[in-house]
Amino acid sequence: MTQEPNFEPKILGFLCRWCSYAGADLAGTSRKKYPANIRIIKIPCSGRIDPLLIIRALRNGFDGVLVSGCHPGDCHYQTGNYRARRRIAITKKFLEYMGIEPERLQASWVSASEGGKFAEVVAEITADLKKLGPNRLFNDK
Amino acid sequence: MTSKIEQKLRSVARELLEQGKVGTIVGYEAGSLKFTNTPLITKDKEAADRLVINPFIINNLSVFLKDIGGKVGVVAKGCDIRSIVSLIQDKQLARENVVIIGVPCAGIIDLDKIEKLMGKDRDELDDIVRENDKVIVTVQRSKKEYPAKDVLIDSCLACDQPKIKEYDILLDEEATVVCDDEASRSLIKKLEAMPPAQRWEFWKSQFERCIRCYACRQVCPACYCKRCFVEETEPAWISPLPKWQDNLIFQVTRMMHVAGRCTDCGACERACPVGIPLHSLSKKMAEIVQELFEYQAGTDKDALPLMAAYESKEAEDLIR
Chain A
906 MTQEPNFEPK ILGFLCRWCS YAGADLAGTS RKKYPANIRI IKIPCSGRID
956 PLLIIRALRN GFDGVLVSGC HPGDCHYQTG NYRARRRIAI TKKFLEYMGI
1006 EPERLQASWV SASEGGKFAE VVAEITADLK KLGPNRLFND K
Chain B
15 MTSKIEQKLR SVARELLEQG KVGTIVGYEA GSLKFTNTPL ITKDKEAADR
65 LVINPFIINN LSVFLKDIGG KVGVVAKGCD IRSIVSLIQD KQLARENVVI
115 IGVPCAGIID LDKIEKLMGK DRDELDDIVR ENDKVIVTVQ RSKKEYPAKD
165 VLIDSCLACD QPKIKEYDIL LDEEATVVCD DEASRSLIKK LEAMPPAQRW
215 EFWKSQFERC IRCYACRQVC PACYCKRCFV EETEPAWISP LPKWQDNLIF
265 QVTRMMHVAG RCTDCGACER ACPVGIPLHS LSKKMAEIVQ ELFEYQAGTD
315 KDALPLMAAY ESKEAEDLIR
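First to last, the sequence lines map onto chains A and B. Here my numbering is used: position 81 in the first sequence is 986, and no number is missing along the way. Here my numbering is used: position 84 in the second sequence is 98, and no number is missing along the way.
These are computed hints drawn from the structure, not numbers from a lab. Be aware that a few hints might be false.
As the list claims (entries may be wrong) - Computed, partial: chain B to chain A, Cβ under 10 angstroms:
no.	residue
1	Pro69
2	Phe78
3	Lys80
4	Ile82
5	Lys85
6	Arg109
7	Glu187
8	Trp217
9	Trp258
10	His271
11	Ile302
Claimed, not checked - Once the Cα atoms are required to be at most 30 angstroms apart in a straight line, the calculated BS3-like pairs of lysine-lysine come out as:
no.	chain 1	residue 1	chain 2	residue 2
12	B	Lys240	A	Lys947
13	B	Lys257	A	Lys915
14	B	Lys105	B	Lys148
15	B	Lys327	A	Lys998
16	A	Lys1036	B	Lys204
17	B	Lys59	B	Lys22
18	A	Lys1035	B	Lys218
19	B	Lys204	A	Lys998
20	A	Lys998	B	Lys48
21	B	Lys148	A	Lys1036
22	A	Lys1036	B	Lys203
23	B	Lys148	A	Lys998
24	B	Lys218	A	Lys915
25	A	Lys1035	B	Lys105
26	B	Lys315	B	Lys57
27	A	Lys998	B	Lys22
Fair warning: this is a prediction, and the values are worked out from it, not measured in the lab. Even for Gly, the Cβ is constructed at its ideal location relative to N, Cα and C.
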């Protein structure tokens, strides 16, 4: 692991449009401060997540990926987040076996009323990734 | 020389076709190379006499079932039956449309391992016979004996399901398998002991050799998508050029897409022309699925598929 001064990780966030995206909005409107390292993509449901989207984000140079959805039991489509959870768990374990640090794939449940939690999650992940260093996994040399 | 089990298979297959219980029979016939077999897909009852059973029937024939219409009789080993069950769970196949002809299997012999041990090409060998936990190789009237676990296919060593549960016709009594899970996961164990960066380097070097021929996908019964993500162009998820990054993404994503449906039959590894140790990916995936969700692919045709089911509390420690 290389320590780099001034390293600012780039994080791709996949946020479900019902809970976590609204949670991120709330963080903004309530003027919670969180690192600007995250770039957000709105997805219809955390159940939309395909392992392909995660690994492709890493391939394209993101240092970490966050998938965030409604708390268990709160899914707008009843079961989307339960299905996402199985997929994320398997992806995390399998990528770890391949040699990708598990910190690079993060998942959280953030409801529409948890602006504070969203800010905390982003701050924590950013700190984790700063410690881990840049993602050079897919570099040629 | 036809063995008893072959005679039974041939008469069973002929009967099924004659009585119109199936339209097609899928089995094995002798291949053009020594000791090897090739799939036989036929509607002709006379062709039933070409069917064979021996310790080299490596192909997982369940891969053909989806594309053959009507009722199909299929010769299947325990692991192939798990693939069939998995297809039934996924509603890709109706149970009433397959007649499963179960073959008790004591493990398939890996010709590559035998060649390596003997230092000889398979063409130079006269005979290879399986006797309980031994395999006897004959070359010019001299015999050499190997413990079966040294010459069986890696996936077979991990076989913990010798008992065939789902079948219509069973050709023989159950076979006893020689199980050696440690040997089957020896590479996994080695990799797990490495730091992540070294593991990544290992897999990187493997996928540098991949020519993306997609043979692994074509032989996989669980890879039944009509359109695979690698062939999509808008967006193009991976580059069409076989660069190692894209090769790796293809295989890793494939493994994750078949999680819970892959029975670790090992067909992908055997199909790989450059010898990438894919069994060490598929077996690891089976272990992850078992550990996280206590799920084993293709063991219960009435169970919900892994990715369609859920529990209200599981894998909670992995999510913030």
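Hint check results:
Hint on Pro69 (chain B) is violated. Least Cβ distance to chain A is approximately 32 angstroms, over the 10 angstroms limit. Among the interface hints, the one on Phe78 (chain B) is violated; its C-beta lies about 27 angstroms from the nearest C-beta in chain A, farther than the 10 angstroms criterion. With its C-beta approaching chain A no nearer than about 22 angstroms, Lys80 (chain B) sits outside the 10 angstroms limit, and its interface hint is violated. With a least beta-carbon distance of about 30 angstroms to chain A, the hint placing Ile82 (chain B) at the interface is violated under the 10 angstroms criterion.
Proximity of Lys85 (chain B) to chain A is violated relative to the hint, the smallest CB-CB distance being about 34 angstroms (cut-off 10 angstroms). A cut of 10 angstroms between beta carbons decides the hint on Arg109 (chain B): the least distance to chain A is about 25 angstroms, and the hint is violated. The beta carbon of Glu187 (chain B) is not positioned within 10 angstroms of any beta carbon in chain A (closest approach about 37 angstroms), and the interface hint is therefore violated. Of the supplied interface hints, the one on Trp217 (chain B) holds, with its beta-carbon coming within about 5 angstroms of a beta-carbon of chain A, less than 10 angstroms.
Evaluation of the Trp258 (chain B) hint against chain A yields a held restraint, the C-beta minimum of about 9 angstroms falling below 10 angstroms. Among the interface hints, the one on His271 (chain B) holds; its C-beta lies about 7 angstroms from the nearest C-beta in chain A, closer than the 10 angstroms criterion. About 5 angstroms separates the beta-carbon of Ile302 (chain B) from the nearest beta-carbon of chain A, less than 10 angstroms, and the hint is met. Taking the CA atoms of Lys240 (chain B) and Lys947 (chain A), the gap is near 28 angstroms; set against the 30 angstroms cutoff, the hint holds.
For the hint pairing Lys257 (chain B) with Lys915 (chain A), the CA-to-CA distance comes to about 24 angstroms; that is within 30 angstroms, so the pair holds. Between Lys105 (chain B) and Lys148 (chain B) the alpha-carbon distance is near 40 angstroms, which puts this suggested pair outside the 30 angstroms criterion. Between the alpha carbons of Lys327 (chain B) and Lys998 (chain A) the distance comes to roughly 18 angstroms, so the proposed pair stays at or under 30 angstroms and holds. Taking the CA atoms of Lys1036 (chain A) and Lys204 (chain B), the gap is about 27 angstroms. The hint holds against a cut of 30 angstroms.
The straight-line distance between the Cα atoms of Lys59 (chain B) and Lys22 (chain B) is roughly 14 angstroms, inside the 30 angstroms bound, and the hint therefore holds. Between Lys1035 (chain A) and Lys218 (chain B) the CA atoms are separated by roughly 24 angstroms; this keeps the pair inside 30 angstroms, and the hint holds. For a cut-off of 30 angstroms, the pair hint linking Lys204 (chain B) to Lys998 (chain A) stands: about 17 angstroms separates their Cα positions. Between Lys998 (chain A) and Lys48 (chain B) the CA atoms are separated by roughly 42 angstroms; this puts the pair beyond 30 angstroms, and the hint is violated.
Straight-line distance between C-alpha atoms of Lys148 (chain B) and Lys1036 (chain A) comes to about 54 angstroms, which puts the hinted pair past the 30 angstroms bound. Annotation: proposed proximity of Lys1036 (chain A) to Lys203 (chain B) holds, straight-line Cα distance about 28 angstroms (limit 30 angstroms). Between the alpha carbons of Lys148 (chain B) and Lys998 (chain A) the distance comes to roughly 37 angstroms, so the proposed pair goes past 30 angstroms and is violated. In summary, the hint linking Lys218 (chain B) to Lys915 (chain A) is supported, as the alpha carbons are separated by about 23 angstroms, within the 30 angstroms threshold.
A threshold of 30 angstroms between alpha carbons decides the hint, and for Lys1035 (chain A) with Lys105 (chain B) the separation of about 46 angstroms lies outside it, so the pair is violated. With a C-alpha separation of about 27 angstroms, the suggested pair Lys315 (chain B) and Lys57 (chain B) falls inside the 30 angstroms cut-off, and the hint holds. For the suggested pair Lys998 (chain A) and Lys22 (chain B), the alpha carbons sit about 46 angstroms apart, so the restraint of at most 30 angstroms is broken.
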